[in-house]
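J.: Here is what each chain is made of, one letter per residue.
2 protein chains.
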Amino acid sequence: MTSIDLNTTTITRLSQHIQKKEISPVEVIDIFLNRIEQAQEKLNPFITILDEQARQAAKKAEDEITKGRYRGPLHGIPFAAKDLFFTAGVKTTCGTRILADFVPNEDATVISRLVDAGAILIGKANMHEFAFGTTNLNPHYGNVRNPWNSDCVSGGSSGGSAVAVATGCALLALGTDTGGSIRIPAALCGIAAIKPTFGRISKHGVYPLCWSLDHPGPMTRTVADTAIALECLAGYDPKDPCSQSVRVGDYAAGLTGDIRGVRVGVPDTFYFDAIDPEVKAGVEAAIDRIRELGATVMPIHIPDLETAAAATLMILSAEAAACLEKFHRTRPDEIGKDVRERLDLGALHLAASYLKAQRIRRKVQRNFAEAFSRVDVLITPGVSIAAPRLSDNTVRVDEADIPVGVALTRCTRIFNLAGLPSVSVPVGLTESGLPIGMQVAGKAFDEATVLRVAEAYQRHIYQTEHWPDLS
Amino acid sequence: MTSIDLNTTTITRLSQHIQKKEISPVEVIDIFLNRIEQAQEKLNPFITILDEQARQAAKKAEDEITKGRYRGPLHGIPFAAKDLFFTAGVKTTCGTRILADFVPNEDATVISRLVDAGAILIGKANMHEFAFGTTNLNPHYGNVRNPWNSDCVSGGSSGGSAVAVATGCALLALGTDTGGSIRIPAALCGIAAIKPTFGRISKHGVYPLCWSLDHPGPMTRTVADTAIALECLAGYDPKDPCSQSVRVGDYAAGLTGDIRGVRVGVPDTFYFDAIDPEVKAGVEAAIDRIRELGATVMPIHIPDLETAAAATLMILSAEAAACLEKFHRTRPDEIGKDVRERLDLGALHLAASYLKAQRIRRKVQRNFAEAFSRVDVLITPGVSIAAPRLSDNTVRVDEADIPVGVALTRCTRIFNLAGLPSVSVPVGLTESGLPIGMQVAGKAFDEATVLRVAEAYQRHIYQTEHWPDLS
Numbered sequence: 032m033t034s035i036d037l038n039t040t041t042i043t044r045l046s047q048h049i050q051k052k053e054i055s056p057v058e059v060i061d062i063f064l065n066r067i068e069q070a071q072e073k074l075n076p077f078i079t080i081l082d083e084q085a086r087q088a089a090k091k092a093e094d095e096i097t098k099g100r101y102r103g104p105l106h107g108i109p110f111a112a113k114d115l116f117f118t119a120g121v122k123t124t125c126g127t128r129i130l131a132d133f134v135p136n137e138d139a140t141v142i143s144r145l146v147d148a149g150a151i152l153i154g155k156a157n158m159h160e161f162a163f164g165t166t167n168l169n170p171h172y173g174n175v176r177n178p179w180n181s182d183c184v185s186g187g188s189s190g191g192s193a194v195a196v197a198t199g200c201a202l203l204a205l206g207t208d209t210g211g212s213i214r215i216p217a218a219l220c221g222i223a224a225i226k227p228t229f230g231r232i233s234k235h236g237v238y239p240l241c242w243s244l245d246h247p248g249p250m251t252r253t254v255a256d257t258a259i260a261l262e263c264l265a266g267y268d269p270k271d272p273c274s275q276s277v278r279v280g281d282y283a284a285g286l287t288g289d290i291r292g293v294r295v296g297v298p299d300t301f302y303f304d305a306i307d308p309e310v311k312a313g314v315e316a317a318i319d320r321i322r323e324l325g326a327t328v329m330p331i332h333i334p335d336l337e338t339a340a341a342a343t344l345m346i347l348s349a350e351a352a353a354c355l356e357k358f359h360r361t362r363p364d365e366i367g368k369d370v371r372e373r374l375d376l377g378a379l380h381l382a383a384s385y386l387k388a389q390r391i392r393r394k395v396q397r398n399f400a401e402a403f404s405r406v407d408v409l410i411t412p413g414v415s416i417a418a419p420r421l422s423d424n425t426v427r428v429d430e431a432d433i434p435v436g437v438a439l440t441r442c443t444r445i446f447n448l449a450g451l452p453s454v455s456v457p458v459g460l461t462e463s464g465l466p467i468g469m470q471v472a473g474k475a476f477d478e479a480t481v482l483r484v485a486e487a488y489q490r491h492i493y494q495t496e497h498w499p500d501l502s
Numbered sequence: 032m033t034s035i036d037l038n039t040t041t042i043t044r045l046s047q048h049i050q051k052k053e054i055s056p057v058e059v060i061d062i063f064l065n066r067i068e069q070a071q072e073k074l075n076p077f078i079t080i081l082d083e084q085a086r087q088a089a090k091k092a093e094d095e096i097t098k099g100r101y102r103g104p105l106h107g108i109p110f111a112a113k114d115l116f117f118t119a120g121v122k123t124t125c126g127t128r129i130l131a132d133f134v135p136n137e138d139a140t141v142i143s144r145l146v147d148a149g150a151i152l153i154g155k156a157n158m159h160e161f162a163f164g165t166t167n168l169n170p171h172y173g174n175v176r177n178p179w180n181s182d183c184v185s186g187g188s189s190g191g192s193a194v195a196v197a198t199g200c201a202l203l204a205l206g207t208d209t210g211g212s213i214r215i216p217a218a219l220c221g222i223a224a225i226k227p228t229f230g231r232i233s234k235h236g237v238y239p240l241c242w243s244l245d246h247p248g249p250m251t252r253t254v255a256d257t258a259i260a261l262e263c264l265a266g267y268d269p270k271d272p273c274s275q276s277v278r279v280g281d282y283a284a285g286l287t288g289d290i291r292g293v294r295v296g297v298p299d300t301f302y303f304d305a306i307d308p309e310v311k312a313g314v315e316a317a318i319d320r321i322r323e324l325g326a327t328v329m330p331i332h333i334p335d336l337e338t339a340a341a342a343t344l345m346i347l348s349a350e351a352a353a354c355l356e357k358f359h360r361t362r363p364d365e366i367g368k369d370v371r372e373r374l375d376l377g378a379l380h381l382a383a384s385y386l387k388a389q390r391i392r393r394k395v396q397r398n399f400a401e402a403f404s405r406v407d408v409l410i411t412p413g414v415s416i417a418a419p420r421l422s423d424n425t426v427r428v429d430e431a432d433i434p435v436g437v438a439l440t441r442c443t444r445i446f447n448l449a450g451l452p453s454v455s456v457p458v459g460l461t462e463s464g465l466p467i468g469m470q471v472a473g474k475a476f477d478e479a480t481v482l483r484v485a486e487a488y489q490r491h492i493y494q495t496e497h498w499p500d501l502s
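Going down the list, the protein sequences come from chains A and B. Heads up: the first sequence is residues 32 to 502, going by the working numbering. Heads up: the second sequence is residues 32 to 502, going by the working numbering.
Heads up, a few of these hints could be off.
Identical copies go unnamed one by one, so any copy, or any two together, can satisfy a pair.
[Claimed, not checked] Using 20 Å as the maximum straight-line C-alpha spacing, the simulated EDC-like pairs for lysine to aspartate or glutamate come out as follows:
hint	residue 1	residue 2
1	90	61
2	51	271
3	98	401
4	394	271
5	98	309
6	394	356
7	270	401
8	98	319
9	387	271
10	52	36
These are calculated hints, taken from the structure and not from any lab test.
Extracted from the complex, chain A is given alone in its bound form (with noise of 0.2 Å):
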C-alpha cells in the first residue's frame, strides 16, 4: 500500500489497486478527505463535504470488493459533482444564495450512473453563482483559487470541480459547459475534461442554465480517465428531452495510442488570433508534436466564426434571462452583481435577435460538418489565455484590452452553438508556471476519436505526472 502514491494517481492506476485489493476504499477516501481538508483552506473548491455519506459509501464498496463484487474500475474511486447536479438529500445550491437550502429528492441520472458504478460522491463542488458568473469573485460561497498559483482564477463555471480533480482531492468531477464551463477550469488547472456532444449525456437532474447549449461532462486528470468517465456517464436517457439515443463506445479500450493517418484540421482564422503568445507556441508545438506522432495535419477554414461566436453569446444570453427570470425578477438584490448585470441585459433582448441567432446556429452546424467531411478533428487554443489574476476584470492580448469573459470563452463557445465533443488536454506550463490547454474537437457523436487524439498526445508526449503542490 505505501507504494500508492496518492498525490499523484489516477482512476487508471488506482482501480487496479483497489481490484486486487492492495488498497481498500476505505482507506482511499480518508486520504482523500485529508487532501480536500488541505484544499479547502487554501483553494475553497468545495460547498458542500459529504465526509460521512462517503464513509458509509466506502465501506459498503470495501464490503462488495471483500465478497468478490468489483462492479469495474470506477468502484471506490471517489468523484466530486458541481453543485448543480441533484443529490437526494444532499443541498443542491447552484451556487447561489437564493438555493442554499435546496435539497432534491433525486439524484441526477449522471450521479446515479456514477454511483451505480460504485464510485463514491465526497464532495459538491463550488461554482459560479448559476453558472453564470463571470469571474471568480463569487459572492456567496467565496472565490475558488488556481491550485498553481492562487492569485489566479480556477476558471469556471465549473472551477471548483476542476481544482478537486488538479489537486487530488477527487480522481472524477463531474461539470458543465455552457458556453466552455467545464474546459476553461480544466485548462486553467491542467487536468483533462470533454464536452461532449449535445445529446450524449443526461442532463436530468442538472439545474438548467441554458436549454439549447448546457452540456454536462466529466472532468478528470488525464484523457485516459475521461475515456473511462464517459463510457460510464455517456447513453440515451428517457428523462432527457435533450438525450440521443446513440450507440456508446468502447472509449477506454479505444485508446491505441495509435494516430497515423488522422486527419487533423487547425483552422487558418479566429482560434489564434487574440491569442496570448506562450498559449500559441505551447498549441502550436504540441500540434507539431501530433504531426510527428503520424497524424496529417492540415490548415482548414471554417467561414463565419465571429459570427459564430456571437450568436452562441445572444443565445446563452437570452436563454439564461429566460431560465432566471423567477429569481432576477422577484429576489433581484440576492444575485450576485456580475450575474445581475448579465441578466438584465439578457431580459431585454428580442424574440426575433434570439431566433435569427438559432439561424445562424443552423449555418454553423452545416459549416463544421463540411469541415468535418475533410478532417476527423479539429485543434485549437483550449483557452486563448493562462489563468488570469483573481483582481484582472481585462486582459490584455494582442495590443487590446479584452474582458477576462471574453478571452476566456472565445475558443470554447462556438463548439455549444455547434454541439460537438470537444476534449481539453494540458500541453504544459508558461513561464510562470500556469497551464496551458489544447482543445481537439470532432464530429457529432464521435467522442472516440478525439479521445483517441488527445490521449495518444498525452500518452507519448506531456504525461501529466506533476501535480500542483498543496503542501
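With chain A fixed as given, assemble chain B onto it according to the hints.
T.: Just chain B, lined up with the frame of chain A:
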C-alpha cells in the same frame, strides 16, 4: 365516359376510370380547366392557372397509361398547390405582391412526389398574404369567397386550396397549416384534410412562416382521398431538418370502416366553450353517430388548454416576425395592413417570453401524451363557428364579440403546438347551408387511426355526395 360525373367525383373513383382507360387524363384536365374558369370568376381560388403545362402533363400521362405504365391512384389526377409551394419555373407569390416575380428554380419535395406519382399540377392556389393574413381581404390577389355562400370567407390561409377542391377544380390541393390554415378552410368549405404530425411531410421548398409550427398537408373531398394523398406525401426528406424518419403507413388500405372498440376522448373543457350552438350540436350529433359505430366515447380532461392556446399565438407571432423581418423592415408599405400589424406586434416580443412559450409547449406535449395513454383519438369541433361573412371583423359567440381570427383558430392551433396529427371532416350543414367541420386528432405519427375514425364516420354516416354548385 358520360357515366362519370366529374362534378362530384373523387380521387378514389376517378382513378379507377383512369386506370381502366374509361377516361383519359387529357379529357379530365380539359373538364377541370373549364370548371376552374367558372370558379375563378365567382370565387377567385387561383393566383396562377397552369393550363398549358397541365395539358402537356396530361398528354404525357395519357401516353404512359395507354402504354400500360399506370403509376397508381394519383396518375392523371389534377392537383392545386397553395402559392407558397416552390414550383420550378412557375411564379410562387406567397400571396404577396412583394414576391409577385419570384420564380423558384426547383420544386418543393412534395410537388416532386406528387408529380412522380403522376398527378398533374393545374394551378397555384390563392392564399392569405405570407399565410399570415387574418382576414380574407387579400389586398394583392383578391378575396377567396366561400363556394357555399359567396358573401362568406373561405377561411385561410389555404382558402384557395379548399375552394379549388370543394368546387371540383382539383381533386387534391396542398395547403399549409401553422395555426389551422389547412383545417379551417377545409371545415368552412366542407372538405376533408389533414395536418399531419410535425416532421411527417417535408417542408423543403415550402415558404416558411413559423419554423416550429408550420405543417404542410393534403386537402381533398373525402377522407379516403386524404389517405391516398398522405401515403404519397409522407416520409423522410434529408433536405428538411425537421423531417422525421418514421415508417409511413398503408393509410388507404387501413380504412376498414370498423372502429369498434376505438377509444374516443371528448375534451371536457375549452373546445366546446365559446362555440356557435349549431356547430356544437352538429359535432355532438356526429360524436353520437361515432358511438353508434362501436367506438367507446368518454370525456377526457386535458389541463391548461387556455395557456396552450396563448403560447401558440406567442410562438407564431414571434417566429413570423423573425421569418419576415427582412420584408417588414425594408418594404412595410407593400405589406397588407392585417399582416403588417401582426408583424409590428411580433417584432416587439422578448426572447424570454418566446422561450417561456416554448417551455409551455413541452408541458402541453406531455399533457397530450398523457391523454393519449387513455384514448386513441380526440374529437373536437373543427372550427367553433361556420364561415363568417367577408365583412365581419368580429363574431358574436356566447354573448361576447370575438375577433374573427381568434374564433377561427381556437380549436385548431393547439395541435400545431403539440405537433399532433389532426383531420378535419365535414359533419353536415347549418340551417343557412354552411358546412360544419369536426376535428379528429391522434398520437404523434398515428395518422392511420385518425384517418380510420374520420373515414368510418364519413363512410357510414355523412356521405359528402353533394358539392357547392358553381352554376
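J.: Now tell me if each hint is right for this structure.
T.: The hints, checked one at a time:
1. In the homo-oligomer, the alpha carbons of residue 90 and residue 61 lie at most 20 Å apart inside one protomer (11 Å), although the nearest pairing across protomers, at 87 Å, exceeds that limit.
2. Taking identical chains as interchangeable, the C-alpha atoms of residue 51 and residue 271 are never at most 20 Å apart, the minima being 37 Å within one chain and 54 Å between chains.
3. For the homomeric pair residue 98 and residue 401, neither the shortest alpha-carbon distance inside one copy (53 Å) nor that between copies (45 Å) is at most 20 Å.
4. For the identical chains of this complex, residue 394 and residue 271 are inter-copy neighbours only, at 13 Å across copies versus 25 Å inside a copy, given an alpha-carbon limit of 20 Å.
5. Proximity of residue 98 and residue 309 under a CA criterion of 20 Å is satisfied in neither setting, with 52 Å inside one chain copy and 76 Å between copies.
6. In this homomeric assembly, residue 394 and residue 356 come within 20 Å of each other (Cα to Cα) only across copies, at 18 Å, whereas the closest approach inside a single copy is 29 Å.
7. In this assembly of identical chains, residue 270 and residue 401 lie within 20 Å of each other by CA distance solely across copies; the values are 15 Å between and 32 Å within a copy.
8. For a Cα distance limit of 20 Å, the shortest separation of residue 98 from residue 319 qualifies neither inside one copy, at 49 Å, nor across copies, at 67 Å.
9. Taking the shortest alpha-carbon separations for residue 387 and residue 271, only the inter-copy value of 18 Å comes in at or below 20 Å, while the best intra-copy value is 26 Å.
10. Proximity of residue 52 to residue 36 under the C-alpha cut-off of 20 Å is restricted to the intra-copy arrangement: shortest distance 16 Å within a copy versus 89 Å between copies.
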